[in-house]
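Residue numbers (full-length UniProt numbering), protein chains in the order written: chain A, 1 to 405; chain B, 1 to 405; chain C, 1 to 405; chain D, 1 to 405.
Please keep in mind that the hints were generated in silico from the structure rather than gathered at the bench.
Hints may contain errors.
Remember, identical chains collapse to one label, so a pair may be satisfied in a single copy or spanning two.
Said to hold, decoys possible - Below, computed lysine-lysine pairings styled on BS3-like, alpha-carbon distance capped at 30 angstroms:
1) K320 - K332
2) K140 - K332
3) K353 - K332
4) K154 - K49
5) K49 - K140
There are 4 protein chains.
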Amino acid sequence: MTERVVLAYSGGLDTSVCIGWIAEATGAEVIAVAVDVGQGGEDLDVIRKRALACGAADAEVVDARDEFAQEYCVPAVKANALYMDQYPLVSALSRPVIVKHLVATAEKHNAGIVAHGCTGKGNDQVRFEAGISSLAPGLKCIAPVRDYAMTRDKAIAFAEAKGLPIATTKKSPYSIDQNVFGRAVETGFLEDIWNGPVEDVYEYTRNPAEPREADEVVITFEQGVPVALDGVAVTPLQAVQQLNQRAGAQGVGRLDMVEDRLVGIKSREVYEAPGAIALITAHRELEAVTVERELARFKRQVQQRWTELVYDGLWFSPLKQALDGFIDEANKYVSGDIRMTLHGGRAVVTGRKSAQSLYDFNLATYDTGDTFDQSMAKGFIEIFGLSTKIAAQRSLRAQDGAAAQ
Amino acid sequence: MTERVVLAYSGGLDTSVCIGWIAEATGAEVIAVAVDVGQGGEDLDVIRKRALACGAADAEVVDARDEFAQEYCVPAVKANALYMDQYPLVSALSRPVIVKHLVATAEKHNAGIVAHGCTGKGNDQVRFEAGISSLAPGLKCIAPVRDYAMTRDKAIAFAEAKGLPIATTKKSPYSIDQNVFGRAVETGFLEDIWNGPVEDVYEYTRNPAEPREADEVVITFEQGVPVALDGVAVTPLQAVQQLNQRAGAQGVGRLDMVEDRLVGIKSREVYEAPGAIALITAHRELEAVTVERELARFKRQVQQRWTELVYDGLWFSPLKQALDGFIDEANKYVSGDIRMTLHGGRAVVTGRKSAQSLYDFNLATYDTGDTFDQSMAKGFIEIFGLSTKIAAQRSLRAQDGAAAQ
Amino acid sequence: MTERVVLAYSGGLDTSVCIGWIAEATGAEVIAVAVDVGQGGEDLDVIRKRALACGAADAEVVDARDEFAQEYCVPAVKANALYMDQYPLVSALSRPVIVKHLVATAEKHNAGIVAHGCTGKGNDQVRFEAGISSLAPGLKCIAPVRDYAMTRDKAIAFAEAKGLPIATTKKSPYSIDQNVFGRAVETGFLEDIWNGPVEDVYEYTRNPAEPREADEVVITFEQGVPVALDGVAVTPLQAVQQLNQRAGAQGVGRLDMVEDRLVGIKSREVYEAPGAIALITAHRELEAVTVERELARFKRQVQQRWTELVYDGLWFSPLKQALDGFIDEANKYVSGDIRMTLHGGRAVVTGRKSAQSLYDFNLATYDTGDTFDQSMAKGFIEIFGLSTKIAAQRSLRAQDGAAAQ
Amino acid sequence: MTERVVLAYSGGLDTSVCIGWIAEATGAEVIAVAVDVGQGGEDLDVIRKRALACGAADAEVVDARDEFAQEYCVPAVKANALYMDQYPLVSALSRPVIVKHLVATAEKHNAGIVAHGCTGKGNDQVRFEAGISSLAPGLKCIAPVRDYAMTRDKAIAFAEAKGLPIATTKKSPYSIDQNVFGRAVETGFLEDIWNGPVEDVYEYTRNPAEPREADEVVITFEQGVPVALDGVAVTPLQAVQQLNQRAGAQGVGRLDMVEDRLVGIKSREVYEAPGAIALITAHRELEAVTVERELARFKRQVQQRWTELVYDGLWFSPLKQALDGFIDEANKYVSGDIRMTLHGGRAVVTGRKSAQSLYDFNLATYDTGDTFDQSMAKGFIEIFGLSTKIAAQRSLRAQDGAAAQ
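All chains, full assembly: derive it from the sequences and hints.
Here it is, written out as structure tokens:
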């Protein structure tokens with residue numbers, strides 16, 4: 001039987017050329033799979049037909065938008081996942097859901113190889129290949145750009161020689177990856193880290209400096225999951241989409257950072273993630289109201305590790321699953337409303353309301369009704385500070401000893 | 001000899017009354033100490049004379065502003081210290097420097113007791129008392145408000161009965177603590193956490209929503225310490241003061257949060273810290289450029305613990321000193337320039353430049369000059385993902401085993 | 001209605017006196033509850049009758065041994081819980097199960113107060129009171145020894161004056177707490193930390209230095225829970241009991257340490273925990289075989305925090321529950337056999353066998369059958385070490401720069 | 001100029017063959033370097049002459065034993081470095097000191113390449129190559145066994161064909177790496193993890209089960225560094241050597257474990273490290289006496305990361321240096337005496353004495369002289385447990401709410 005290769009297909013030049021390139025390089029049949037994670041752009045059926053026109057033995061398209069939002073974006077919100085305190089893992093979240101469908105297609109078609117269009121210096125190759133080996137350790141992975149030296153110029157020449165139905169114009173200056181949770185932009189002039197981004201790198205967000213009316217939104221969470229906007233029930237996908245619109249219109253969610261890649265280098269990245277940033281900001285504040293202090297303190301370590309793992313492509317790893325066990329438990333009471341003002345590039349919390357609140361007005365108030373027993377404090381401080389006090393006595397002793405010599 | 005009590009004196013009603021109250025309660029002489037940490041307001045000499053007029057046996061004033069900025073605020077910048085990811089520890093940083101001067105005064109005057117004006121339900125009582133017991137474990141601490149039931153009403157009555165030279169008007173609705181690193185506001189209507197703050201709670205910052213021209217600043221750091229603004233050398237104190245002005249004028253640094261107090265309750269706090277937020281934002285980005293990935297990842301844990309410790313009043317603890325050993329080493333190469341736009345409540349980094357940069361254009365670029373050896377990636381991914389892959393094989397085995405039963 | 005106090009009753013002098021002492025101090029009726037956690041000694045019914053004879057309004061006894069082993073000791077094994085790398089939390093584990101029954105009794109009898117016999121300088125008072133306030137925040141706690149100055153001498157005088165049916169001989173030099181998971185001993189001469197323990201402080205273990213035949217045992221775990229010894233199915237309680245016998249006979253599980261108490265002081269403690277140490281040693285090695293590396297590395301942090309929390313009396317805290325979420329997930333595949341030699345005070349693993357093993361002979365072997373692709377290593381090392389290498393280039397640059405000046 | 005290769009030379013068959021093999025494969029001159037880290041065996045000068053006889057252009061030998069003990073083993077003691085709670089990093093510690101001398105030799109001889117004899121599936125290749133790229137990022141690394149397929153059989157054939165002055169008998173069943181800090185053994189029959197080790201795998205330790213007299217030793221530390229044994233001053237090297245003898249004679253320090261290698265596989269390892277285990281056991285207990293609780297708790301995380309980093313070959317990484325900053329500060333007061341009994345395979349602490357002790361008899365004692373103020377405890381517990389209590393009230397509310405529906 002002819003070997004089969006399942007290819008992660010985007011519809012663009014590179015992966016369109018991959019179809020024939022892989023067939024020539026390996027003698028295998030290529031099955032193209034395009035997964036919709038909310039990246040927008042062309043109709044899925046157009047993409048499917050193009051794959052076939054480019055020589056694919058078969059082509060499948062999957063609308064994974066709801067699955068992506070529910071099973072990948074929502075856990076990121078529950079983890080307040082911001083890599084290097086900023087980046088909400090946009091691309092890193094989409095790779096595992098794409099991997100899942102690549103593996104399912106490979107099983108269905110009895111394919112032994114999965115191919116993707118990544119280069120050899122980014123994070124995504126790791127996310128694809130580590131993900132695939134976690135779900136289907138028997139599958140092999142190939143990356144024509146990296147493994148078969150399929151450069152851009154060669155791809156254009158190949159497309160023209162074969163008459164592939166795909167535009168081979170000079171590459172846009174921007175290298176873009178986008179999905180419903182956000183958008184990543186790299187481009188030559190931003191490789192000089194002293195250069196600021198220009199306005200036309202952005203698509204999901206409007207210029208925050210332009211004057212406009214503020215927008216106010218109330219986001220309702222149940223156990224850490226966004227379930228309503230302004231009191232109207234939404235799915236997770238709708239929550240992200242609507243907040244992309246509303247927060248994006250106010251310039252919320254632009255990020256410009258130097259980032260530590262898994263492959264050991266630092267790279268300059270510009271992101272837009274209006275919905276993600278609005279949701280995480282709101283979720284974090286609702287946690288401040290509903291999560292007990294020591295749990296909140298330790299959760300910071302857990303979510304840092306969760307974020308690193310997902311960034312590093314280990315979504316399906318045993319550690320990720322165990323961290324999820326912690327995070328789900330920690331979100332058990334994260335239910336309630338957060339009111340935010342979206343304006344001028346900022347998503348600012350202005351109110352919190354929760355039946356699960358741990359904020360106790362009667363303990364907190366300095367006014368009438370105070371129930372806090374202040375007489376307890378003296379004993380607390382004495383014992384809370386005792387080990388430090390004993391260490392201080394020792395230091396004085398040591399200094400006296402040194403002085404006496 | 002008459003016992004002596006050193007009192008942390010602010011010049012306000014509460015601590016003015018404390019002078020006589022302590023004298024009556026304990027029979028001791030009271031020595032008032034006022035420490036200038038950049039809180040602004042009255043002249044120190046006026047405060048000193050008021051203390052004497054209120055019955056202090058002696059009164060001292062200390063200008064600790066440079067010391068505070070250099071030895072307390074700068075370490076917080078190096079630690080990117082944001083409690084609960086937001087609060088730059090404004091009050092928590094000022095307590096230890098005040099403690100240091102209280103202890104020095106107690107030694108000078110042979111006093112055996114230190115007194116402060118804190119209540120029994122806040123963090124500051126812990127910061128004072130744990131700090132004092134760490135520097136001078138032999139000193140005792142008293143807090144008249146907490147220990148001798150000196151309520152506001154009783155204080156006013158006392159001041160009027162004794163004819164103290166201090167206004168006894170009804171308390172302002174705002175309870176405020178401020179210093180050069182920021183300003184904290186608590187007030188009755190904010191104790192309802194659904195209420196948003198109103199414009200008149202703010203003093204260090206202007207309304208970010210008002211249209212105005214953006215400001216651009218270049219902050220230069222050497223080993224994590226801010227040393228110049230726009231190329232002009234500044235002391236740490238000047239850096240904070242000037243950025244308070246410039247970032248404050250753009251509405252940068254307003255914070256509104258529900259906070260986990262050390263004494264076990266959640267409280268609503270509103271802060272303004274324009275200079276602090278600008279400095280930490282810039283420092284964090286310069287670290288992204290100059291600190292190696294694994295060091296940066298572990299430093300997040302270290303700075304979280306540092307921040308908790310300082311918030312919790314353990315500035316002088318052995319753990320704090322050891323964490324400083326780590327943080328100083330981690331800042332060894334954090335030198336260079338960060339360019340920021342201050343506007344509309346946001347401090348946005350737009351450029352980074354450093355002779356110590358780890359960002360390598362030739363490794364990062366996708367253009368001509370790329371020196372990254374992509375052929376290494378395949379081996380990396382294979383081995384990086386191997387332990388997860390082996391675990392995946394085990395999971396499949398376990399599923400097959402379960403299915404076979 | 002007369003107020004009721006539920007007293008944690010041991011049957012000894014102190015808590016026997018507490019019955020009447022509390023009644024006198026508070027005017028309340030006292031209901032005594034004795035919980036069997038495998039401490040051995042007197043028959044529960046004898047204890048129950050003594051409580052009544054000492055004036056209790058009612059007395060209940062609970063055999064909580066299986067519950068204690070399953071719900072408290074087993075989680076400690078799954079967490080490899082060794083406080084300060086040594087102490088398997090013997091007393092710290094028993095307090096929450098006792099608390100649970102105290103609270104249940106208080107609810108049943110409509111009591112508003114719970115009493116215990118702890119002093120004011122140990123950990124157990126915290127474990128009782130924090131535990132009670134977590135299960136029943138409305139209950140009050142009292143500790144006659146601490147709160148009503150019920151010293152030993154006064155207790156003896158009280159017992160004699162009232163003619164209580166309890167021996168009032170001079171206190172044993174040893175202060176002991178024991179349950180099925182181990183035994184804790186404190187005594188005057190051990191308060192000099194230069195003194196070694198003498199043989200007669202031990203009861204659960206024989207002298208490891210005495211020559212005897214070694215014992216070999218195979219412990220079988222399922223998902224981290226001990227389920228069989230030498231192939232014979234056992235309950236968790238039986239596993240601990242039988243290993244107490246067998247490991248204790250070989251002198252395994254003696255501990256002598258200086259320990260950091262929650263109340264801020266260091267104390268000298270001697271423990272015996274033969275079954276606990278054998279089980280944790282075996283479990284830890286089975287994890288080495290069945291848990292993926294990154295999960296194992298992070299689990300160390302989780303179990304350290306778990307151990308501190310339980311030591312500190314926060315068994316019922318939200319953080320403990322979330323950590324359990326992680327630990328249970330991490331134990332999902334911890335199933336298999338560990339063979340150990342018990343001898344000379346040591347429990348030494350000599351063999352491991354698991355259907356869930358991640359140890360892969362064909363990857364590990366240097367002999368025929370090796371399936372590890374060594375050519376992958378070069379790429380791995382290059383990229384694994386890249387961020388450090390770039391940092392090294394920077395350091396050399398910095399040195400050259402310094403040298404050039 | 002002819003390229004030069006510096007080869008890490010052991011004097012054994014593999015690296016002796018490497019000399020000619022590398023010369024043939026690369027056309028370069030080979031300079032052999034043998035570093036004495038206390039591995040024992042042949043005289044260094046004999047080894048040097050053999051290298052020349054095997055065709056080395058030059059050969060150097062370095063006695064690095066004191067340097068190794070002081071700068072590599074002592075930091076491991078200060079870090080209580082036990083990988084997976086057991087393995088004192090024996091081989092992992094020796095690689096960086098060897099690397100340092102390889103790099104120095106390469107600089108001296110203007111060599112551009114460094115070679116080592118490791119295979120492609122172990123940790124040591126990473127330790128060599130990551131170490132070299134950290135000290136001299138411009139050097140290249142080659143590993144003939146891995147990169148040029150130099151199998152054992154080919155090596156023997158090569159040696160015989162060239163008449164190299166080295167025995168080519170069949171390989172010993174044991175693969176061994178040893179230095180003054182310990183000894184590692186791998187062998188075919190131990191690759192079955194159900195097999196226990198046999199007595200003849202051990203050389204540094206005698207059978208712990210044999211009856212013999214116990215040995216007692218007092219180890220004195222200054223700031224974490226061992227400085228005297230039984231009151232006689234020793235260098236770190238002497239401390240390790242003498243404790244190897246004394247603890248080894250009692251069977252202390254045998255380890256048998258399944259270990260997570262950096263390259264993603266689990267391997268079975270048997271180690272002996274009598275001196276290392278005795279020193280770390282003593283150091284850890286002295287820390288229990290002299291290090292404040294919160295510092296001790298956080299140090300566990302720091303030392304775990306330190307240990308992983310060193311195991312993973314990142315001795316010269318920026319993170320390692322920053323962790324050392326923490327660890328050195330934490331050891332500032334770790335001075336004093338530890339008395340241990342060495343017997344029957346166990347190193348048991350029986351006494352501690354320190355001028356820097358934080359153990360305070362008067363706080364700890366239950367006898368006369370107690371200075372602990374127990375009345376403080378009630379307030380401490382109330383506030384320490386408050387956040388958990390508030391969370392408990394919320395849980396009850398949630399349960400009531402659920403019950404009411």
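Status of the hints after comparison with the structure:
| no. | hint | verdict |
| --- | --- | --- |
| 1 | K320 - K332 | both (18 angstroms within a copy, 14 angstroms between copies) |
| 2 | K140 - K332 | between (40 angstroms within a copy, 28 angstroms between copies) |
| 3 | K353 - K332 | within (16 angstroms within a copy, 38 angstroms between copies) |
| 4 | K154 - K49 | within (23 angstroms within a copy, 56 angstroms between copies) |
| 5 | K49 - K140 | within (26 angstroms within a copy, 49 angstroms between copies) |
In this structure, none of the earlier numbered hints is contradicted; all agree with it.
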